[in-house]
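Participant: If you want the building blocks of each chain, they are given just below.
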Amino acid sequence: MEETTTATTTPIVRVEALNKKFGELHVLKDVDMQVAPGEVVAIIGPSGSGKSTFLRCLNRLEEPTSGQIYVDQEEITGDAVDLPKVRRNIGMIFQHLNLFPHMTAIDNVMEGPRTVLKSSRSKAREAAVQLLDKVGLLDKIDVKPAQLSGGQQQRVAIARALAMQPKVMLFDEVTSALDPELVGEVLSTMKQLADDGMTMLVVTHEMSFGEKVADRVVMFDEGIIIEEGAPEQIFSRASNERTQRFLSQLHWGGT
Amino acid sequence: MCQLAAQEIPDALTLRVSLTYETSPSLQEATTVNYEWEFDVVWENFPFLLSGVGTTVGLAILSMLAGGVLGMAVALARISRLRILRVPAYCYTELFRTTPIVVQIMWVYWVLPILAGVTLSGFQTGLVALSLNVAAFMAEIYRAGIMSINRGQTEASLALGMTSSQMMRRIIIPQAITRMIPPMGTMWVSLFKDTAIISAIGVTELMFQAQYLAVDTYRPVEIFTITAVIYFVITYPQSLGVNFLYKKFRTQE
Ligand SMILES: Nc1ncnc2c1ncn2[C@@H]1O[C@H](COP(=O)(O)OP(=O)(O)OP(=O)(O)O)[C@@H](O)[C@H]1O
Ligand SMILES: [Mg+2]
Chain C
1 MEETTTATTT PIVRVEALNK KFGELHVLKD VDMQVAPGEV VAIIGPSGSG
51 KSTFLRCLNR LEEPTSGQIY VDQEEITGDA VDLPKVRRNI GMIFQHLNLF
101 PHMTAIDNVM EGPRTVLKSS RSKAREAAVQ LLDKVGLLDK IDVKPAQLSG
151 GQQQRVAIAR ALAMQPKVML FDEVTSALDP ELVGEVLSTM KQLADDGMTM
201 LVVTHEMSFG EKVADRVVMF DEGIIIEEGA PEQIFSRASN ERTQRFLSQL
251 HWGGT
Chain V
1 MCQLAAQEIP DALTLRVSLT YETSPSLQEA TTVNYEWEFD VVWENFPFLL
51 SGVGTTVGLA ILSMLAGGVL GMAVALARIS RLRILRVPAY CYTELFRTTP
101 IVVQIMWVYW VLPILAGVTL SGFQTGLVAL SLNVAAFMAE IYRAGIMSIN
151 RGQTEASLAL GMTSSQMMRR IIIPQAITRM IPPMGTMWVS LFKDTAIISA
201 IGVTELMFQA QYLAVDTYRP VEIFTITAVI YFVITYPQSL GVNFLYKKFR
251 TQE
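As given, the protein sequences belong to chains C and V, one line each in that order. Residue numbering for the first sequence follows the numbering used here, beginning at 1 and increasing consecutively. Residue numbering for the second sequence follows the numbering used here, beginning at 1 and increasing consecutively.
Treat the hints as calculated values from the structure; they're not laboratory data. Owing to the predicted nature of the structure, the values given are computational and were not obtained by experimental measurement. There could be a bad hint or two in this list.
What the hints assert, rightly or not - Taking lysine-lysine and the BS3-like style, the derived pairs with C-alpha atoms no more than 30 Å apart in a straight line are:
(1) 193(V) to 144(C)
(2) 248(V) to 144(C)
(3) 123(C) to 144(C)
(4) 21(C) to 118(C)
(5) 134(C) to 191(C)
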């Protein structure tokens, strides 16, 4: 596998020989990955290749079968770690819309700081207002999720995760559940986040995002990283035949 | 025949027997066409009859509160990760949901004193038995409410760094509660009616007073008619309230 351009900096995420089995099903097979601070990694691959499972192992929503994961030099695998504490540093946005429906947008954003970090109400509120402004939803502060469009809900979810001031953000097909016309607003929020220097691991079928925003594209197939590299390299001259086939099925790149 | 002084309230079982076999002469001769209704005897004894209502209401409220608290503990045990908590909680709820409530009352009345070595008054027995019964049903209501909350809510909470208890308190229970309230209302109405069963162990609630008067006055037809009306008058508004809750919380979803 190719060395990436960021090999010299200390990685903020380091995954070593990660394995995950669901019973007999071997979903992740000795996966290694390093992510540099501020890097945006797009993870692509066919359905069932283990992309979600990989992402969910990174904040231990899924329990790795073996292997080590380090976030900001600290090992987060093993029995000894304090999981809630580990997860504070790792924001995650999901495919399914899962804002807390009994709370307004701003209460959603304040919930983490208030309940988990025990921030004062005024401090949490001030930060939440800023974040909602950042995702362009200042006018929706007091609105409940049911009154928001899917795209707006995902933007609030991004603000909610950012409120914990995470070191890394994980995105699992966050636009897949949205109507096509709502995809753009979420992607542009993510791009803005990337421009601000956030470290992001993004599982996506939106190849345009991979091409325009990602620093590196990683191709999963059957629990293995079969190819990775800069977007222009993967999208225009992928060396692996299965990557080429996958991209051509999406009518993207290749020849 | 059956002359009862207020002090010597008979053993509950004797009362039942006497009630079955010693009805009034007028009743024995009666047919549907010629029975003469005689409600005066009910009105004369109305305060006595109503004196049971307080006990009925009190018992229902106390059982609901005690059962509600105990049921929450059982529900949490039932969804716990620990088998050692889960299995007994499961056995408990299934046992109490699959045996007749009158058996549970008799069991607490007769068996508990022997097993636990405590003597309980009739009222205490009723309270214990009904609370245990309510707890089993409430546990299932809580559990169903909690389980009905989308898995995405759990994941979102955990991903934010919440502990399980923070997640329960802040995210799951506040959402689940609106789904629990309507079945709780149904539970309450049926509990209210079920309290009548503890007349069987001699607690002087509404039904017991009715049975007592029926024997004492030879007028079971009138007494039980009015007793049914009293239950109806108290329960019907509650039932309407429950229907209202169902509508209200359905539209809120
Ligand atoms: N909790 C689970 N129990 C058993 N099998 C699971 C579980 N979660 C995922 N799997 C299986 O693991 C494999 C990888 O699933 P995963 O969701 O990681 O794929 P994916 O690459 O994210 O696919 P998609 O693009 O469809 O989201 C699949 O075969 C899936 O059925
Ligand atoms: Mg997936």
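Participant: Run every hint past the structure and note whether it holds.
Facilitator: Each hint tested on the structure:
A C-alpha spacing of about 40 Å is found between residue 193(V) and residue 144(C), which places the hinted pair above 30 Å, so the restraint is violated. For the proposed pair residue 248(V) and residue 144(C), the alpha carbon gap of about 18 Å is at most 30 Å, so the pair holds. Restraint check for residue 123(C) and residue 144(C): the C-alpha separation of about 21 Å stays at or below 30 Å, so the hint holds. For the given pair, residue 21(C) sits about 37 Å from residue 118(C) by alpha-carbon distance, which is inconsistent with the 30 Å threshold.
Our distance criterion of 30 Å between C-alpha atoms is met by residue 134(C) and residue 191(C), whose separation comes to about 12 Å.
Of the numbered hints given earlier, the model fails hints 1 and 4; all others are met.
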